[in-house]
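Asks: This is what each chain is made of:
There are 2 protein chains.
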Amino acid sequence: MYILGLDVGTTGCKSIIFSPDGRIVSSAYGEYKLYHRRIEWSELNPYETWNTAKETIRRSIENVRIRPEEIAALSTSVLGEAFIPVDEKGNPLYWSMTTFDARAVEQTRWWEEKFGADEIYRITGQPLTSSMPIYPLPKIQWLREYEPKVYEKTWKFLCWEEYVNMKLCGKPVTDFSVASRTMMFDITRKKWSGEILDVAGIDEDLLPEAAPSGVVIGHVSPKASEETGLSEETLIVTGGHDQPCGALGAGLVESGPAMDATGTVECIGVVLDRPVLNERLRRGGFAVHHYVIEDIYFLFGFNPTSGVILRWFRDNFAEGERMKADEKGVNVYEILMSLAAESPPGARGLFFLPYFEGSGTPTFNRKARGVILGLTLSHKKSDVLRAILEGLSYELRRNIEAIERNGTKISEVRAIGGGAQSDFWLQIKADITGRLIVAPKVTEAASLGAAILAGVGSRVYESIKEAVRRIYAERAKFIPQTSNVEKYGGCYGLYKRIYDALAGIFDEI
Amino acid sequence: MYILGLDVGTTGCKSIIFSPDGRIVSSAYGEYKLYHRRIEWSELNPYETWNTAKETIRRSIENVRIRPEEIAALSTSVLGEAFIPVDEKGNPLYWSMTTFDARAVEQTRWWEEKFGADEIYRITGQPLTSSMPIYPLPKIQWLREYEPKVYEKTWKFLCWEEYVNMKLCGKPVTDFSVASRTMMFDITRKKWSGEILDVAGIDEDLLPEAAPSGVVIGHVSPKASEETGLSEETLIVTGGHDQPCGALGAGLVESGPAMDATGTVECIGVVLDRPVLNERLRRGGFAVHHYVIEDIYFLFGFNPTSGVILRWFRDNFAEGERMKADEKGVNVYEILMSLAAESPPGARGLFFLPYFEGSGTPTFNRKARGVILGLTLSHKKSDVLRAILEGLSYELRRNIEAIERNGTKISEVRAIGGGAQSDFWLQIKADITGRLIVAPKVTEAASLGAAILAGVGSRVYESIKEAVRRIYAERAKFIPQTSNVEKYGGCYGLYKRIYDALAGIFDEI
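If you read the protein sequences in the order shown, they are chains A and B. Taken in order, the first sequence gives residues 1 to 509; the numbers are from our numbering. Taken in order, the second sequence gives residues 1 to 509; the numbers are from our numbering.
Source of the hints: derived by calculation from the structure; they are not laboratory data. Keep in mind that the hints are not guaranteed to be accurate.
Which copy is meant is left open, so a pair is good if it fits within one copy or across any two.
Claimed, not checked - Cross-link-like lysine-lysine pairs, in silico, BS3-like; alpha carbons within 27 Å at most:
id : residue 1 : residue 2
1  : Lys367    : Lys223
2  : Lys367    : Lys496
3  : Lys380    : Lys324
4  : Lys487    : Lys367
5  : Lys33     : Lys380
6  : Lys328    : Lys477
7  : Lys465    : Lys191
8  : Lys496    : Lys114
9  : Lys477    : Lys156
10 : Lys223    : Lys409
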């Protein structure tokens, strides 16, 4: 038997079929567009996204010589926060606003003033700040105010997990991790928060049923079978939010290792056996919510602009390297990494603050901006590149330290996502954090995590722990080099003081 | 009749023959090497430099159909500070240490402690700081300590003006402006400072005769005539330090206009009818010395890394533009300026601090470093380029304001040097400083200034003022655009606060 992990992201989706020992049997990828109809809006077209998803599932099945019935189950890992208002027939009524859609500023401020960010954090584990209106709660209020007809016609507000589940088996069931990210879910009571919904004036019927991850919802419907090529025998199982799914794919089942998922954004997460909520974490922007294992929690910080800065550099300052990559038929990032390696640790005194869209946790300052500091005539492109990698890695260290300050000891860091493909960068991360960095074999950890949940729901595995034992394997380990750790230790102190020195300037820009 | 201005610089020399109305009749350029035998040393080879100079003079004469006798006189404009110990036959005994040769740190500190930087400034007008051992005084002491045999054999320590004069007419006569830059010249008494020489233990006989600029020293010697192609009828006239020569070429004869000379380094200078010396100017790094007109003084500030930053950017981040320039056969800087022009005033929130080798006047901080601040994903290469030009222009504004704070009103700014070739940059300078920026017709102002002195000495002109009236002409004017001036006004305040916020960080790097 096989298991399928579908990962619906911000700009594309992946359908990956795994064997029970974690080997990728088949994989397909489809892209869709992220729309910006207004400058501060950021939306998906639900029709386009679902059409891409179903075609991607179909290609992953057709790519390989297995019979659809051999796929025991499917679970979905999704981008958080994005939601779709649907009518009773399940038809989308509006665009799907994504995480960085910033329109609901006033509604978010309303919650700060009316209810208090500390109180909403106590219930939901989510840090609210009016400068970042991330969550569905204020966005649903925006819809009610500015698109009242849409609101009136809405049967349910669905995030992408339950929307996909509805499309595949008719039942729009979400899981606790995705529900946590709506800012309407009581993480202690494991149900929608009556208190918040009352204040918001939102009827609980407008929200889907929420269940733990890894439980069976139903079978693939005849219609969905026709649309996707899946067998009607395949089970649909609750999946989860892509960050905890990624953590599960990296083998996290209990406290100890941390996940470092480096893509456009970089997320640093740990699992906890109880929700740890305090004022310092809230102000630092750390969210606490349900993990994809029941009664286990997930604490995570983030750097909103990680890999995307390398892409920015590639697009703006690496014309020569792009041409060289085309000529040689190699990946341009490999060339950029080799160039960075020409600069010694510390980038010969250059510092780079990667706050290209504000800083993430733990400084959590929307007004922060990117900085290159320490330039002299002797610096070259290689130094700037190395400084970028080091700056991103200092942010990782800040997050590790902020998480540990709250009593969670981190034993090692498991690196996943596109950024985990560069051994050079992983060694920098080891040297800067002073931690063992482990690269798992599978970097597509979110799909793997979803597939594990599918396998648990469909009894391919007896338990999540058994699944992880069978599936999780290391590709490489990166051990901190003592001399570099010492050098970076001094630089890190200075790195933090640079931010402190500039905080007032960022307020002014 | 014609006049010849020879300009001996750090990496090359120019010999330009002018007609009395300021038209360039012939021009030749020769390069020599700046040697760095040790990392902090920076030297010229006196043989190589003189050989290049005499060949360059020869080419400038042979290039054009004039008879050598038609050249009435020659004056030399020189890089300041660089000097050569010579024996009684005028043969060089050692390399010529240039301005940025940093070996004499201890000797400079000795003066700070033994004599006081304020006292030495009162006598010489030169701001002494041990972090920048610019001047011949401490470097001669270094020679006595580390190369005692060279010191013992030395007949005279000659700067390049008097060395060239000796080579051309046998008499090593310097002028007051070049003498001012040795840190041994009493600018009020117009003679070598007995007080400083006593403390230093340097015999005044080791120094050359100093005269005002524009006075005849002698005729070209038969040997020099053979070496250079000059006529023995041509007069050799005292010239000056390249910055005041440039100012004279830009028509500065009295208070009012300022000179802004933008090459590798950028110098901002004004002429004064008396030496203005105060603690604020000294701490800000402003030097005051003799102008190339007797009893007139020259106050000047500088930015040590101006045009050189554009070269740094070109070499490191403009591969595509360099290729495009080669293809089209145009200057790469033109392409870079067009690119910068794609970004709006304010560079969309980017700030650039150009302290790539420490800051010049008026912050005068050797520890300062270059900074790019305000980066977001939406910034492009064009924004970075514009931010560089704006940062350099904010430094110009700082210097203008620092000079005006001392009671010298600046009526307009005359832009010379390579940087004055970009109208786009000159308009930015106008908008940022709020001043009228004037580009004179001749950008090779240092050679023109020297030629004016030659013409005054040889009576081609009745006076310097008459010479300037005949020679000086404007190529273009750049008037501040009100809307941009307002926008930049706010940015400028923030620009200064960024430096203030980072001053402590620069101490740590």
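Asks: Indicate which option fits the pair lysine 465, lysine 191 if close means a Cα-Cα distance not exceeding 27 Å: within, between, both or neither.
Replies: Close inside one copy (26 Å), not across copies (90 Å); limit 27 Å.
Asks: When no copy is named, should lysine 328 and lysine 477 be tagged within, between, both, or neither for a Cα gap of at most 27 Å?
Replies: neither (29 Å within a copy, 50 Å between copies)
Asks: Could you place lysine 496 and lysine 114 in one of the four classes (within, between, both, neither) given a Cα distance threshold of 27 Å?
Replies: neither (34 Å within a copy, 40 Å between copies)
Asks: How would you label the pair lysine 477, lysine 156 (within, between, both, or neither) given a Cα cut-off of 27 Å?
Replies: For lysine 477 and lysine 156, the Cα distance exceeds 27 Å both inside one copy (46 Å) and across copies (67 Å).
Asks: With identical chains treated as interchangeable, where does the CA-CA distance between lysine 367 and lysine 223 reach 27 Å or less: within a copy, between copies, both, or neither?
Replies: neither (48 Å within a copy, 70 Å between copies)
Asks: Regarding lysine 367 and lysine 496, is the shortest C-alpha distance of 27 Å or less found within a copy, between copies, in both, or in neither?
Replies: Both, since 16 Å and 19 Å are each at most 27 Å.
Asks: Checking lysine 223 and lysine 409: alpha-carbon separation at most 27 Å within a copy, between copies, both or neither?
Replies: The answer is neither: 48 Å in one copy and 84 Å across copies each exceed 27 Å.
Asks: Which holds for lysine 33 with lysine 380 at a C-alpha limit of 27 Å: within a copy, between copies, both or neither?
Replies: Intra 36 Å, inter 23 Å, cutoff 27 Å: inter-copy only.
Asks: Between copies, within a copy, both or neither: which fits lysine 487 and lysine 367 at Cα up to 27 Å?
Replies: This pair counts as between: shortest inter-copy Cα distance 20 Å, intra-copy 30 Å.
Asks: Could you figure out if lysine 380 and lysine 324 sit no more than 27 Å apart (CA to CA) within one copy, between two copies, both or neither?
Replies: Answer is both: 18 Å inside a copy and 21 Å across each meet the 27 Å cutoff.
Comparing the model with each earlier hint shows violations of hints 1, 6, 8, 9 and 10; every other hint is respected.
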